[in-house]
Amino acid sequence: MKGYTGKWLRVDLSTGKISKEEIPDEIKRDFLGGRGFAAKLLWDEVKHIDPLSEKNKLIFSTGPLTGQSLPSSGKMVIASKSPLTGGYGDGNIGTMASIHLRKAGYDVLIVEGKSEKPCYLLIENESVKIVDASELWGKNTFETQDILEKRHGRNSGILIIGPAGENLIRFSTVMSQKGRAGGRPGMGAVMGSKNLKAVVIKGTGSIPNFDDPKLKELGKKGYDEVKGKENYEFWMRQGTMTAFEWCNENSCLPTYNFKEGVFEFSKEMDGYVLEKLHIDRRGCPMCNMQCGHIIKDASDQRAELDYENVGMLGPNIGLRSLPQVALLNRMADEWGLDTISLGSGIGFLMEASERGLIPEKVGWGDFEAAQKLVIDIGKGEGLGKLVSHGVREAAESIGKGSHRWAMHVKGLEITAYNCHGCPGMALSFGTSPIGASHKDAWIIAWEISTDRFSYSKEKVEKLIEFQRIRGGFFESATVCRLPWVEVSFGLQSYPDYLEAITGNRMSWEDLYKIGDRIYNLIRAYWKREIPQFGRTWDYPPDRWFEEPLSQGKMKGVKLDREKYDQMLSWYYELRGWDKNGIPTQETLDDLGLEEVSKEIIG
Amino acid sequence: MAELKFLGYLAEIAGAREKILVLDKPMPLRRVLPPSFPEKNVIILIDKKVGNLDSVIENESSVILMPMLSGG
Numbered sequence: 002m003k004g005y006t007g008k009w010l011r012v013d014l015s016t017g018k019i020s021k022e023e024i025p026d027e028i029k030r031d032f033l034g035g036r037g038f039a040a041k042l043l044w045d046e047v048k049h050i051d052p053l054s055e056k057n058k059l060i061f062s063t064g065p066l067t068g069q070s071l072p073s074s075g076k077m078v079i080a081s082k083s084p085l086t087g088g089y090g091d092g093n094i095g096t097m098a099s100i101h102l103r104k105a106g107y108d109v110l111i112v113e114g115k116s117e118k119p120c121y122l123l124i125e126n127e128s129v130k131i132v133d134a135s136e137l138w139g140k141n142t143f144e145t146q147d148i149l150e151k152r153h154g155r156n157s158g159i160l161i162i163g164p165a166g167e168n169l170i171r172f173s174t175v176m177s178q179k180g181r182a183g184g185r186p187g188m189g190a191v192m193g194s195k196n197l198k199a200v201v202i203k204g205t206g207s208i209p210n211f212d213d214p215k216l217k218e219l220g221k222k223g224y225d226e227v228k229g230k231e232n233y234e235f236w237m238r239q240g241t242m243t244a245f246e247w248c249n250e251n252s253c254l255p256t257y258n259f260k261e262g263v264f265e266f267s268k269e270m271d272g273y274v275l276e277k278l279h280i281d282r283r284g285c286p287m288c289n290m291q292c293g294h295i296i297k298d299a300s301d302q303r304a305e306l307d308y309e310n311v312g313m314l315g316p317n318i319g320l321r322s323l324p325q326v327a328l329l330n331r332m333a334d335e336w337g338l339d340t341i342s343l344g345s346g347i348g349f350l351m352e353a354s355e356r357g358l359i360p361e362k363v364g365w366g367d368f369e370a371a372q373k374l375v376i377d378i379g380k381g382e383g384l385g386k387l388v389s390h391g392v393r394e395a396a397e398s399i400g401k402g403s404h405r406w407a408m409h410v411k412g413l414e415i416t417a418y419n420c421h422g423c424p425g426m427a428l429s430f431g432t433s434p435i436g437a438s439h440k441d442a443w444i445i446a447w448e449i450s451t452d453r454f455s456y457s458k459e460k461v462e463k464l465i466e467f468q469r470i471r472g473g474f475f476e477s478a479t480v481c482r483l484p485w486v487e488v489s490f491g492l493q494s495y496p497d498y499l500e501a502i503t504g505n506r507m508s509w510e511d512l513y514k515i516g517d518r519i520y521n522l523i524r525a526y527w528k529r530e531i532p533q534f535g536r537t538w539d540y541p542p543d544r545w546f547e548e549p550l551s552q553g554k555m556k557g558v559k560l561d562r563e564k565y566d567q568m569l570s571w572y573y574e575l576r577g578w579d580k581n582g583i584p585t586q587e588t589l590d591d592l593g594l595e596e597v598s599k600e601i602i603g
Numbered sequence: 416m417a418e419l420k421f422l423g424y425l426a427e428i429a430g431a432r433e434k435i436l437v438l439d440k441p442m443p444l445r446r447v448l449p450p451s452f453p454e455k456n457v458i459i460l461i462d463k464k465v466g467n468l469d470s471v472i473e474n475e476s477s478v479i480l481m482p483m484l485s486g487g
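These protein sequence lines map, in sequence, to chains A and B.
So the first sequence is numbered by the numbering used here: it starts at 2 and just counts up by one.
So the second sequence is numbered by the numbering used here: it starts at 416 and just counts up by one.
Honestly, the hints are just simulated from the structure, not real lab data.
Just to be clear, a hint being listed does not mean it is correct.
[Stated by the list, open to error] Restricting the straight-line Cα-Cα distance to at most 20 Å, the calculated cross-link-like pairs of lysine to any residue (SDA-like) are: (1) K455/B to G400/A; (2) K230/A to E427/B; (3) K228/A to M483/B; (4) K554/A to S476/B; (5) K230/A to S476/B.
[Unchecked claim] What the simulated footprint calls covered on chain B by chain A, stretch by stretch (three residues with Cβ under 8 Å from a Cβ of chain A suffice, anywhere in the stretch; the number is not a length): (6) 416 to 426; (7) 455 to 469; (8) 472 to 480.
Beta carbons: idealized from backbone N, C-alpha and C, even for Gly.
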């Protein structure tokens, strides 16, 4: 099939064996790429193992749209069995490494085994070497990026872990280009467990497409369309930070560990403040709507901001200064820590301190304490150790009802949207296939625009539609969803792109089916790896059901558990899953997953 | 007085983030908006209830107009 290099590259760090394997056509057809390939590989090859053992595998996966001259196509998915959740874990990252991997002749890199000593992978087209990285171990991601760029040239794709990944912190990420991050559910820790400090890729080939002239024409048209959108100019000024004012207005801003949905200091740190502080921009390759805004942080260094890290390291921990948030964010990037889980972890500790559940005094908005906590969490030491395995485990450790406000689903910390008054978004977090991520279905705007407080079947249907597009198609294609979601770039372009790339015309119905296949396979993976997995894993924390908002226009609002339960039942029914949320044999068989149904159903 | 709040790029189109209007009589919302105001992908809340450009506003109405964000 055109549009793929057709190979995955497999590196066994235990034995040093390197192999290049043909990707079967039916896998391309049935799973498309990116998340689809990763889910298939993990299902087939990673079974009942400790995520931090050498038997786990780390998968860097691209899709047919990756690296093409198309809007925001510089993405790859990094996936593994998650050490944070125990289930399927992945995350996408915008990086030159995605483009270089394809140009080097591979759609997927699979890393398995464990190196005896720190190493990095050097992939230069056909040449693949395991290189000693002893001198890099312990260095932060920015220092490592500089060293590897100096050694191998700036025109390289480089993926790195920081000290947090080396220290096996369960929400450590993989970093690239001093600010791009991916793999929230501990992909950095998996890399660290393999003594793999970095992957450096230099590819000089080309991707064999079906119709390059047509693709070039479509690509130019696509980039022009993005730039021509009526909100493009505003997007370039505020980017995802547009959401800050929006969420505060709608009582969705994560505030004081998700206790509240409005922040009394919101006007001191919204997108308009960011505009005044903005000095530069960063982002992913192949993108003409880059979302990383650079400001001078509280220590006068350049640091990047976007909505998620401002929400979680700002209001969620009571911090009201963008330069201070930027400093925490830069530290997190240097250490290789996920900023969302970090903000949730610090918020958890601040609340635990406020309630007297821990002896340490860590007040809301205490910037000095927050800086120290970033380091402690990155090292897994001191008070930071308590949350270094995530807030689920922290709550299990301190007990006393703290699980009610440990803000996670399936062990993955909730991203920056408070759902006391957003039942559809709460269900989105509840049913996201990696734990509480917003990337699969962000339904808040749709539900506010229709009937915000309803628990309707229509809302559940819309949620599944979003999951099919965002979590199914975009994560597997693999391209960024932001052109569509943020500036209303036309979805109808994507089947045209696929046709020019692969030669095959696929409808959105076809793509939905691929998305459903991937979702069901991931769901089956959770069930196979965690036998007790089921319905109870699909609920957001008790806080949203039991503690109403006490501030703002939505004062008194909370979720209704019985009605949420009804929506969850509809979700299972529409997905073809049983009452416990497990795919039925009929559903799996319809998707061509007969082998999967034999394994989880018998 | 009717209070109108514009979020995101809609503030650029409206020329202000907030407007306070004294209305002679109840009128459709679109009458107080610039002709270039987008018809699609806009969420309109009037007194916390979902409205549209043809919804009637009056003095004492509290109106929020916001883009249909899709959340990163």
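Tested hints:
1. K455/B to G400/A: With Cα atoms ~49 Å apart, K455/B and G400/A exceed 20 Å; violated.
2. K230/A to E427/B: holds, 14 Å
3. K228/A to M483/B: Between K228/A and M483/B the Cα gap is close to 18 Å, so the pair holds against 20 Å.
4. K554/A to S476/B: holds, 15 Å
5. K230/A to S476/B: With a Cα-Cα distance of about 31 Å, the restraint between K230/A and S476/B is violated, given a limit of 20 Å.
6. 416 to 426: It holds: at least three residues are needed, and the stretch 416 to 426 of chain B offers 4 whose Cβ sits within less than 8 Å of chain A.
7. 455 to 469: holds (count 5)
8. 472 to 480: Since 1 is below three, the answer is violated.
Violated hints, listed in ascending order, are 1, 5 and 8; each of the other numbered hints is respected by the structure.
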